[in-house]
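Novice: First to last, the sequence lines map onto chains A and B. 213 is the number that our numbering gives the last residue of the first sequence; the numbers go up by one with no jumps. 421 is the number that our numbering gives the last residue of the second sequence; the numbers go up by one with no jumps.
Hint data in this document are derived by calculation from the structure and do not stem from the laboratory. Note that the coordinates shown come from a computational prediction; the quantities given were computed from them, not determined experimentally. Backbone N, C-alpha and C fix where the C-beta goes; we use that ideal spot for every residue, glycine too. Be careful, since some hints might not be right.
Said to hold, decoys possible - With a straight-line Cα cutoff of 25 Å, these simulated DMTMM-like cross-link-like pairs (lysine to aspartate or glutamate) come out:
(1) B:281 to A:185
(2) B:416 to A:185
(3) B:416 to A:210
(4) B:281 to A:206
(5) B:416 to A:209
(6) B:280 to A:209
To be verified - Coverage of chain A stretches by chain B, computed from C-beta distances (three or more under 8 Å per stretch; other residues unrestricted):
(7) 133-144
(8) 152-162
(9) 176-186
(10) 190-197
As the list claims (entries may be wrong) - One side of the interface only, derived from the structure: several residues of chain B facing chain A at Cβ under 10 Å:
(11) 259
(12) 282
(13) 316
(14) 353
Below, each chain spelled out in residue letters.
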Amino acid sequence: MSALEWWLVLSALLFCIGAFGVLARRNIIVVIMSLEIMLSAVNIALVAIASFRTGVPGGGTLFALFIIALAAAEVTVGIAIVVGNYRHQRTVQADRFDELKG
Amino acid sequence: MMPGGDFHPVLFVILAAWVLVCALGVVLSKKVMYSAVSMVFCFLGVAFAYALLHAELLAIMQLLVYVGAISIVVIFAIMLTEVVEGGYRQFFTRTALAAAALALLTAGAIVVAVVSDGVAGATEKTLNPGLQELSEILFSRYVLPFEVISLVLLAAMVGAIVLSRKQEERR
Numbered sequence: 112m113s114a115l116e117w118w119l120v121l122s123a124l125l126f127c128i129g130a131f132g133v134l135a136r137r138n139i140i141v142v143i144m145s146l147e148i149m150l151s152a153v154n155i156a157l158v159a160i161a162s163f164r165t166g167v168p169g170g171g172t173l174f175a176l177f178i179i180a181l182a183a184a185e186v187t188v189g190i191a192i193v194v195g196n197y198r199h200q201r202t203v204q205a206d207r208f209d210e211l212k213g
Numbered sequence: 251m252m253p254g255g256d257f258h259p260v261l262f263v264i265l266a267a268w269v270l271v272c273a274l275g276v277v278l279s280k281k282v283m284y285s286a287v288s289m290v291f292c293f294l295g296v297a298f299a300y301a302l303l304h305a306e307l308l309a310i311m312q313l314l315v316y317v318g319a320i321s322i323v324v325i326f327a328i329m330l331t332e333v334v335e336g337g338y339r340q341f342f343t344r345t346a347l348a349a350a351a352l353a354l355l356t357a358g359a360i361v362v363a364v365v366s367d368g369v370a371g372a373t374e375k376t377l378n379p380g381l382q383e384l385s386e387i388l389f390s391r392y393v394l395p396f397e398v399i400s401l402v403l404l405a406a407m408v409g410a411i412v413l414s415r416k417q418e419e420r421r
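Same shape as in the complex, but just chain A:
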């Protein structure tokens, strides 16, 4: 196996660990953290492919940079929703988020 394949395998394993966290955990904060791990895994794959392939110079790096910025925005809004919802329902367990009206 070559270096690129090793990096892609690492990325795949990391992605699946994150996916397991998103699917299996009930605590919504842990779900958000697992989501971040999945995004990081995708970033690793992007950067690895960009460093082993010719293409638009800097394309992979900048794409990963944009993903990092979007992840920051997503965490900000997600955590704000979690904390705001905690004020209403006094819980962070996702299976108890059963009340959609404010």
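Position chain B against the provided structure of chain A, taking the given hints into account.
Specialist: The following block gives chain B in isolation, referenced to the frame of chain A:
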């Protein structure tokens, strides 16, 4: 020379073990705070991965944004919300088994696809562009996404402030 140029097997193995163990720590910890600390270490490992891949700008950004900012936000959220105590049954629903099977299957499928497809066939090492070249590309070719990202971040900030205000302050 190995395909991929300066691929350090030892460093890679250490890094992979570090990142995967920390990621498992995030997913499997009973205490949310342990998960958060594990996440910080996992993101440190990811920054190290970028550095190994010669994407130094990304490594620094990873440290600043993930290890610096996102961890603080998450830890504040944990401190502002409840602490759930209990056994594993309380943290994993019965669907966890199905989720584990699904994740393992997906991992296996991706690994098989990567290995059998000969992705590595024509591996060629290209140097990632340096900071100067990157910033030239960012402000010429990718200037529109750059500006849109700043709008997205502004919207996220405003959204977070609106969402987390107290109820009586809203009108």
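Novice: Hint by hint, say whether it matches the structure.
Specialist: Results of checking the hints against the structure:
1. B:281 to A:185: 23 Å, holds
2. B:416 to A:185: Holds. Residue 416 (chain B) to residue 185 (chain A) sits at ~21 Å (cutoff 25 Å).
3. B:416 to A:210: Roughly 19 Å between the alpha carbons, so the hint for residue 416 (chain B) and residue 210 (chain A) holds.
4. B:281 to A:206: OK: residue 281 (chain B) and residue 206 (chain A) at ~18 Å, within 25 Å.
5. B:416 to A:209: 21 Å, holds
6. B:280 to A:209: 23 Å, holds
7. 133-144: holds (count 9)
8. 152-162: holds (count 6)
9. 176-186: holds (count 10)
10. 190-197: holds (count 7)
11. 259: Given a least distance of 8 Å, the restraint on residue 259 (chain B) holds.
12. 282: At about 6 Å, which falls below the 10 Å cut-off, the nearest Cβ of chain A leaves the hint on residue 282 (chain B) intact, so it holds.
13. 316: 7 Å, holds
14. 353: 4 Å, holds
When the structure is compared with the earlier hints, no violation turns up for any of them.
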